[in-house]
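For the sequence shown, my numbering assigns the number 1 to the initial residue and increments by one for each residue that follows.
Think of the hints as simulated: they come from the structure by calculation, not from any bench. Everything numeric in this text was worked out from a predicted model, so none of it was measured. Just to be clear, a hint being listed does not mean it is correct.
Okay, the calculated beta carbon distance ranges per label pair [stated by the list, open to error]:
1) Leu43 to Ser12: 16 to 26 Å
2) Arg19 to Gln54: 32 to 42 Å
3) Lys69 to Ser28: 20 to 30 Å
4) Gln38 to Ser12: 36 to 46 Å
5) His36 to Lys69: 23 to 33 Å
Glycine included, each C-beta is placed from N, C-alpha and C at the ideal position.
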Amino acid sequence: MERSRSTPSSPSRTSRVERQLAPLKIVSRLLGHELHAQQSPRLTLTRDEVLEIQTTLDLYIESAMRGSKGAGTSAPSQATGELEVQAVPARVN
């Protein structure tokens, strides 16, 4: 049995919050990896790493905006002209 389903709080709310926080966890892990990999006072990030961080934050912002606009509605985003963004797997180091 899944843990989120056995808690007294609403399972849909819990899973929605977890999904919304997932991109921030990815950014945190990427930055944490760089902190541990580079021991100097300054960090160097590649363009790809910066692009991954930017994309992840953009996905989080899009998700948060959709959540605040349509809380509780299941209308397709085509009706409002919004693009549906699909998450892509992050690079694992």
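ask   = If you check each hint against the structure, which ones fail?
value = 1, 2 and 5
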